[in-house]
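K.L.:
What follows is the residue order along each chain.
2 protein chains.
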Amino acid sequence: MALVVQKFGGTSVGSIDRIRNVARRAIATQKLGNDVVVIVSAMSGETNRLLGLAHEMVAVPDAREMDVIASTGEQITAALTAMAIQNEGGDARSLLGHQVKILTDGAFTKARIKTIEGSKIFSTLKKGEIAVVAGFQGVNEHGDITTLGRGGSDTSAVAIAAAIGANACEIYTDVDGVYTTDPNLVPSARKIDRISYEEMLELASLGAKVLQIRSVELGMKYGVRIHVRSSFSDAQGTWVVPEESAMEKVVVSGVTASRDEAKITIRDLPDTSGVAAKLFAPLADGSISVDMIVQNQGHEGATDLTFTVPKGDRKRALDILRAAVPEIVGVNGEQIQFDDEISKVSVVGVGMRSHAGVAKTMFELLARENINIQLISTSEIKISCIIARKYAELAVRALHEGFGLSLPPAERAGL
Amino acid sequence: MALVVQKFGGTSVGSIDRIRNVARRAIATQKLGNDVVVIVSAMSGETNRLLGLAHEMVAVPDAREMDVIASTGEQITAALTAMAIQNEGGDARSLLGHQVKILTDGAFTKARIKTIEGSKIFSTLKKGEIAVVAGFQGVNEHGDITTLGRGGSDTSAVAIAAAIGANACEIYTDVDGVYTTDPNLVPSARKIDRISYEEMLELASLGAKVLQIRSVELGMKYGVRIHVRSSFSDAQGTWVVPEESAMEKVVVSGVTASRDEAKITIRDLPDTSGVAAKLFAPLADGSISVDMIVQNQGHEGATDLTFTVPKGDRKRALDILRAAVPEIVGVNGEQIQFDDEISKVSVVGVGMRSHAGVAKTMFELLARENINIQLISTSEIKISCIIARKYAELAVRALHEGFGLSLPPAERAGL
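Protein chains in written order, with our numbering: chain E, 12 to 426; chain X, 12 to 426.
Be aware that one or more of the hints could be misleading.
For identical chains, the list gives no copy identity; a pair is met inside one copy or between any two copies.
[As the list claims (entries may be wrong)] With a straight-line cut-off of 30 Å between C-alpha atoms, the simulated DSS-like cross-links for lysine-lysine are: (1) 121 / 137; (2) 138 / 125; (3) 138 / 322; (4) 125 / 112; (5) 121 / 138; (6) 42 / 138; (7) 202 / 232; (8) 42 / 401; (9) 289 / 371; (10) 125 / 326; (11) 371 / 112; (12) 371 / 232.
Keep in mind the hints are simulated off the structure, nothing from the lab.
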């Protein structure tokens, strides 16, 4: 007998029939002897409809009132799901953020969970009912409704699983797990059976949309075993779990390519202290997040600096720099170059910690395809290279093949 | 400086533009120096859409979950209205049933208000904000969401007005007040300036849709001055207030015709005690409300009994009677007759209490048009006659003219 949290995203509850499927799955899980807590998102499209209604009223709606409206999407799904479970012969009860209660800070539209009371959920389970909790929502200390931001239902699910000590948190989605790379790009991509929180965090921050980053952070913090799986099949998906010894044998878990960044290079900077601070302070003030930064070794008192920013912010970044540090960037833009046609290709794996040579192999694999590396950045379990956009797919296929990701982990050659 | 409650129905908040109008009116009222509490219904059509969604899932949805869904309609309007007020330069905050809080009993889909806390409303007003309260909803003692039944926002408004001691409760609707009779039927119908709770109750129970009966009962119980008026104009509407001396001069306030009833007659009943109880007990058990009952003086040990039931229940009433008391009603239906083609025409007025002869005048006015009266029932301030359906419009016009309702109250002749 286990305590299982099952979270269903917008696509999985996108129609009356799909909600019936959710109900059948929850009942089946309960019949195996489990206590079941279901977390639901709004039906797909509903949140956009609600935001549209608010924006029709006001260009920039009040955040508190926005949350009052946005939270109704999950409220409706929760009640419909409870009805569906009852209709399939089960017992169920919907619970909203203020009923559970899920206490958050007061940052409307992007609140963070502070505490979750388990008593209402436990008393519901004790009656033999399935507890259906509206995702994405909570209340602040004044009882105002708050929402957790896009994808917040993942966070609701993992946080509730942590609060009630669930044995597993199942995240049902429209893909059947986390893959070694994008299967649309590389047909030989493999579903990963087990992945560590750290690797999942790197993959999520590199654009893998399957889990919200904050939910992975929470899972890591509280040791919640997360199972990402398809709501359209019974196949096992991907378990996101604490790092374990079996994983060490896998050097690289996944390969990703992101096309969301642009590169800015400033030439002939004075090679003196304080220059970098002068450049990046105004960007930070403008809420532009700078990702990779590389400064070459100076020569003859001058140096070049290159960094990447989100592609949508590139133009604004240049405007800010020209206004804030004209003595460096200049107004005619002579010293400045930019490139929107780049891609960031990354390999991720906890095995890098104990295996030297991953970077070398990566560079060799790219060189073999005559792909020039423009920038490099590394973390403990990730290596990223900026390359020309046109080589992105080729690079992903070469790295995926070169690191043996098409093979089951046991059959991959060591480095 | 007064404390004003303004309630806007589904038509008055039926679009983004109409909600903007609501916002402007609330701000204008506040600028006159008033504290303003706005109560809103769901946008017109929204409640039906939500109920439809639930019924698509289950033929008979769980009442608790039904309320979770239905309450989102008012939740959305409340937030949109607060946004609209902010957009027009005012300050506002939406408040839901559980935030106010409006405590009800546990009768989901038809809950009754037990208590209303005023503190959240007062603290909102104290900050100079307009409090926008979602109508129709409350919470039971367990924090479950409840709704008050159709038209429940009227009840929310009057109950809140009573709880916070408002100087007036304005009910904005798509008509500009209560009329002496249906203006579509009688062009000379006059808007009534002031009417007593008792008269309004009789008119509402006779089918005048302008105010929900329970809201009038509440207004009467707590002495809330209710102002029924149009959301599309600034004209004064109809005040529903305690009976006052000026009203006594008006003998008849209004004339109505209802087409919602059917008549059942059982002939040759044994004229002994207990027969009526035998007949009506099974109808009450079947939740069929019997309205008018007339039993003739018996002759030769037998009597006839006639009564009316809601037209939609007529067939079921006969089935129940045949099954429950076959020895009286028989299965071949020989002793039983029914007539669906009837109308109940009524005159209402507190002045009847002190003026004899209203009934006589009514009967004379109908006789003058050769309209046969089939049944009569009277209350202290109402006389109703069942007549053939085809004469309903003629009867209303004759009574409206005969009692001088086309004239201003001061110019009407005494009886």
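K.L.:
For every hint, state whether the structure bears it out.
P.N.:
How the hints compare with the structure:
1. 121 / 137: Classified as between: cross-chain Cα gap 28 Å, same-chain 33 Å, threshold 30 Å.
2. 138 / 125: both (27 Å within a copy, 28 Å between copies)
3. 138 / 322: Cα proximity of residue 138 and residue 322: none, with 52 Å in one copy and 43 Å across.
4. 125 / 112: both (11 Å within a copy, 24 Å between copies)
5. 121 / 138: This pair counts as between: shortest inter-copy Cα distance 25 Å, intra-copy 34 Å.
6. 42 / 138: within (14 Å within a copy, 53 Å between copies)
7. 202 / 232: Within one copy only: 25 Å inside a chain, 68 Å across chains, cut-off 30 Å.
8. 42 / 401: So residue 42 and residue 401 fail the 30 Å test inside a copy (52 Å) and across (62 Å) alike.
9. 289 / 371: Neither. Shortest intra-copy (34 Å) and inter-copy (97 Å) distances fail the 30 Å Cα cut-off.
10. 125 / 326: Neither, since 37 Å and 59 Å both go past 30 Å.
11. 371 / 112: Answer is neither; intra-copy 51 Å and inter-copy 65 Å both fail.
12. 371 / 232: Intra 32 Å, inter 85 Å, cutoff 30 Å: neither.
The structure does not agree with the numbered hints 3, 8, 9, 10, 11 and 12 stated previously, though it agrees with the rest.
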